[in-house]
Amino acid sequence: MIYARNLVKRFGDFTAVDGIDLEVAPGEAFGFLGPNGAGKSSTMRMIGCVSHPTSGELRILGMDPVGEGSKIRGRLGVCPQMDNLDPDLTVFENLTTYARYFGIPRAEGRRRAAELLEFVQLTEKAGSTVEPLSGGMKRRLSIARAMINEPDLVLLDEPTTGLDPQARHLLWERLFRLKQRGVTLVLTTHYMDEAEQLCDRLVVMDGGKIVAEGSPRHLIEAHSTREVVELRFGDETPASYVEKLAGIGERLDPLPDRLLLYSADGDAAVSEVHRRGFTPSSVLVRRSTLEDVFLILTGRTLVD
Amino acid sequence: MGGTFAVLERHLTLYRRLWQASVFSSFILPILFVVSIGIGVGGYVSDIGGVSYLAWIVPGVLASTAFQQAVGESTFSVLGDFKWVRGYHAMRATPVRIWDMVAGWLLYIVFRVLIGAVAFLAVSAFFGAIHSAWVVVTPLVCALLAVAVAAPTIAFSARIENDSYFAMLFRFVVIPSTLFAGVFFPVSQLPEALRVLAYLSPLWHAVELCRSATLGVAPPWPVWAHLGYLVLWAVGGSLLAYASYRRRLKD
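Protein chains in written order, with the numbering used here: chain A, 1 to 304; chain B, 1001 to 1251.
Next comes chain A alone, as it looks inside the complex:
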């Protein structure tokens, strides 16, 4: 579906995407994970054929995005990061006017619009204008709109950013159903739980480069430990315990408020802490998540 070799995107002096390689197979749910400014959206825009690569090779659905952009876009469904629905049109009209952009006959457009509104649970809102809808409803409508041309490949740029938990879970469930139907999904996110829920395979981007690649499970195994122990101490700073606890687990990561201890066996690590005579004020043993991988790989410095 997507094939990229040494793909580069520069804006003046700034290199947004710095030589990435990618391959996405049909039916796959593929994720781009990374902090803001990592180059995820620039990559998505090149895949969506709205921005031309500065250099490198890119093939979408076996075609060249520069020469055959219009033809490729006809087979893509795009859900943009910023909603661009028509606020003065009704929910239903938003879908039918968009269908026309793909050359879909009016009657067929209406049939698909009704079906898609059912799918994203917006049937009761069909006659309402878009303006008063909640963020979650607008997002669902954007996803329905991206499906109007029955695309081979759906691109979702931060699909659940800014939504409340209920709206996110509903959206995930709908996206999961798309995936089950065999639709190829490519999404960007900076939510680790989203990537774990939806993606078969993902890449972590940082500074325009791919820093890790694999399934969520594989990434956790390769870059983190099976379990993480979060220790809080009442008396001194977590950093001061790094030396005292050296040798326990595989890695110690002091944060301002707590100490993370990466270990294959969390309970054993906690016993060792106690054996050395330290009594943390709180102890939490949990499974390692993509979030740990992400922070290990991209660091803790705040971007923006």
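Here are the simulated lysine-lysine pairs, DSSO-like style, with alpha carbons at most 27 Å apart:
id, chain 1, residue 1, chain 2, residue 2
1, A, Lys179, A, Lys71
2, A, Lys71, B, Lys1250
3, A, Lys209, B, Lys1250
4, A, Lys179, A, Lys138
5, B, Lys1083, A, Lys138
6, B, Lys1083, B, Lys1250
7, A, Lys138, A, Lys125
8, A, Lys138, B, Lys1250
Incomplete in silico selection of chain B near chain A, CB under 7 Å:
id, residue
9, Ala1006
10, Glu1009
11, Arg1010
12, Leu1014
13, Arg1017
14, Arg1086
15, His1089
16, Pro1095
17, Val1096
Listed below are several chain A residues computed to face chain B (Cβ distance under 8 Å; list not exhaustive):
id, residue
18, Ser70
19, Arg73
20, Pro80
21, Pro87
22, Arg100
23, Gly103
What the hints contain is simulated information worked out from the structure, not anything from laboratory work. Note that the structure is a prediction, hence the values are computed from the model and not measured. Here a beta-carbon is modelled for each residue, glycine too, at the ideal position from N, C-alpha and C.
On the provided structure of chain A, position chain B as indicated by the hints.
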């Protein structure tokens, strides 16, 4: 072509929802103009070229309404579709091409101007201001004028970030053009230097063509020269619009 009509269809769907807002400026205001100036001022003014002042200004108001409508519609709506609604970004993600976006908008403007022109002519005929069957070509002249001025206006709207430029466009371009392009008095009344400015304005050429059609007299320049000048603006403006849209939607 399909893309162009899909874009036109979107604008028409929006118009069907919002048309009430434009009734006053498109239909009522031009008629008030003709009634107040044509009849009010006309009472103090003798005939011009053998026709009543009312009959003389009707073609001028017809063309200047098309002019103002074409420019006015192509400002906030177009900037909004780039900046706030992002309707053009939505189109950009589909097979619709940049030419479709430009042509779809221009066709929409032609549609708007045509209904305005036909409604205005119907009322003018009622006042006995139409003197020739050639009047039937005036909506087409208005349509050409609309493209000639809407195309560079959308090019402008696609380049700016801030809507305060529109106030300047109206103050320094639209209003002076309306006042000095032969709408309310013949440009022969103007000093030589200002007359050249009138000749440069596409509005003057459309006013003279409409006037010659409604009164059944020959225009000051050959018809092909007036039309050619308008076509030049339409083509040049469309190329500019294409370049501006492309730039705005790139990266």
